[in-house]
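Student: If you read the protein sequences in the order shown, they are chains A and B.
If you count by the working numbering, then the first sequence holds residues 1 to 114, one letter each, in order.
If you count by the working numbering, then the second sequence holds residues 1001 to 1114, one letter each, in order.
No wet-lab data here; the hints were simulated from the structure.
Note that the coordinates shown come from a computational prediction; the quantities given were computed from them, not determined experimentally.
Built from N, CA and C at the ideal position, the CB exists for glycine as well.
A couple of the hints might just be wrong.
Listed below are the simulated DSSO-like cross-link pairs for lysine-lysine, each with C-alpha atoms no more than 27 Å apart in a straight line [said to hold, decoys possible]: (1) B/1044 <-> B/1054; (2) B/1044 <-> A/69; (3) B/1051 <-> B/1015; (4) B/1078 <-> A/106; (5) B/1041 <-> B/1054; (6) B/1078 <-> B/1051; (7) A/109 <-> A/69; (8) B/1054 <-> A/109; (9) A/113 <-> A/69; (10) B/1044 <-> A/106; (11) B/1078 <-> B/1015; (12) B/1041 <-> A/106; (13) B/1015 <-> B/1041; (14) A/113 <-> A/58; (15) A/58 <-> A/109; (16) A/49 <-> B/1015; (17) B/1015 <-> B/1044; (18) A/49 <-> A/106; (19) A/49 <-> B/1051; (20) A/49 <-> A/109; (21) A/69 <-> A/58; (22) B/1078 <-> B/1041; (23) A/49 <-> B/1044; (24) A/58 <-> B/1044; (25) B/1054 <-> B/1078; (26) A/69 <-> A/106; (27) A/113 <-> B/1041; (28) B/1044 <-> A/109; (29) A/49 <-> A/69.
One side of the interface only, derived from the structure: several residues of chain A facing chain B at Cβ under 7 Å [unchecked claim]: (30) 39; (31) 43; (32) 44; (33) 94; (34) 101; (35) 104; (36) 106.
Some chain A residues flagged as far from chain B (calculated, every beta-carbon gap over 10 Å) [claimed, not checked]: (37) 13; (38) 64; (39) 72; (40) 80.
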Amino acid sequence: AQSVTQLDSQVPVFEEAPVELRCNYSSSVSVYLFWYVQYPNQGLQLLLKYLSGSTLVKGINGFEAEFNKSQTSFHLRKPSVHISDTAEYFCAVNYGGSQGNLIFGKGTKLSVKP
Amino acid sequence: EAGVTQFPSHSVIEKGQTVTLRCDPISGHDNLYWYRRVMGKEIKFLLHFVKESKQDESGMPNNRFLAERTGGTYSTLKVQPAELEDSGVYFCASSQVGHQETQYFGPGTRLLVL
Chain A
1 AQSVTQLDSQ
11 VPVFEEAPVE
21 LRCNYSSSVS
31 VYLFWYVQYP
41 NQGLQLLLKY
51 LSGSTLVKGI
61 NGFEAEFNKS
71 QTSFHLRKPS
81 VHISDTAEYF
91 CAVNYGGSQG
101 NLIFGKGTKL
111 SVKP
Chain B
1001 EAGVTQFPSH
1011 SVIEKGQTVT
1021 LRCDPISGHD
1031 NLYWYRRVMG
1041 KEIKFLLHFV
1051 KESKQDESGM
1061 PNNRFLAERT
1071 GGTYSTLKVQ
1081 PAELEDSGVY
1091 FCASSQVGHQ
1101 ETQYFGPGTR
1111 LLVL
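Just chain A, with the same shape it has in the complex:
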């Protein structure tokens, strides 16, 4: 079955520290990969996406992610976090086809402390 795994439900980190949020997906021939962010009391905002091409993709707010096909992973990274990065982060996968619905991980709550 198609699935997306975010192993860490919560990640606490101090301000200006680096962070990595992990995402693994069940293998498929072709996938489109996304990270969305939900700030407190707001909706889902697209952070970055991988459709094809370079495996390192850069998104908004200094975030980047690397597509690793052999490890079926799409981990999200930021070298130095800010208090304002406190939010819930969702990894999502489109396994292709005409339907186009996304399969989401359970989310990772990033808490940045001063």
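Given the coordinates of chain A, assemble chain B onto it according to the supplied hints.
Tutor: Below, chain B alone, put in the same frame as chain A:
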């Protein structure tokens, strides 16, 4: 350009009542999706419209849920009668034809059934 909008932002109803959620997609986006996040669970796909036609409704939980998109513009999702387990956040997303892999989400409607 306006993003995806949803109304209401919050709704509190009693078990057995009816609730109708509305979604206005980004102008020109023919694809419209409904998703739901039940507390503590992952965001799950409900259904997908292409213009006014239902492309995929495999995620609809049961026949108490009715989605419509008359005229291919805004969409409504009606829950009748509502049950306690219907509580959660209902998200709407839209995408362009030809770029349907990239979905833009609305702020969500938080539904609480008492």
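Student: Looking back at the hints listed earlier, which ones does the structure fail to meet?
Tutor: 3, 8, 9, 16, 30
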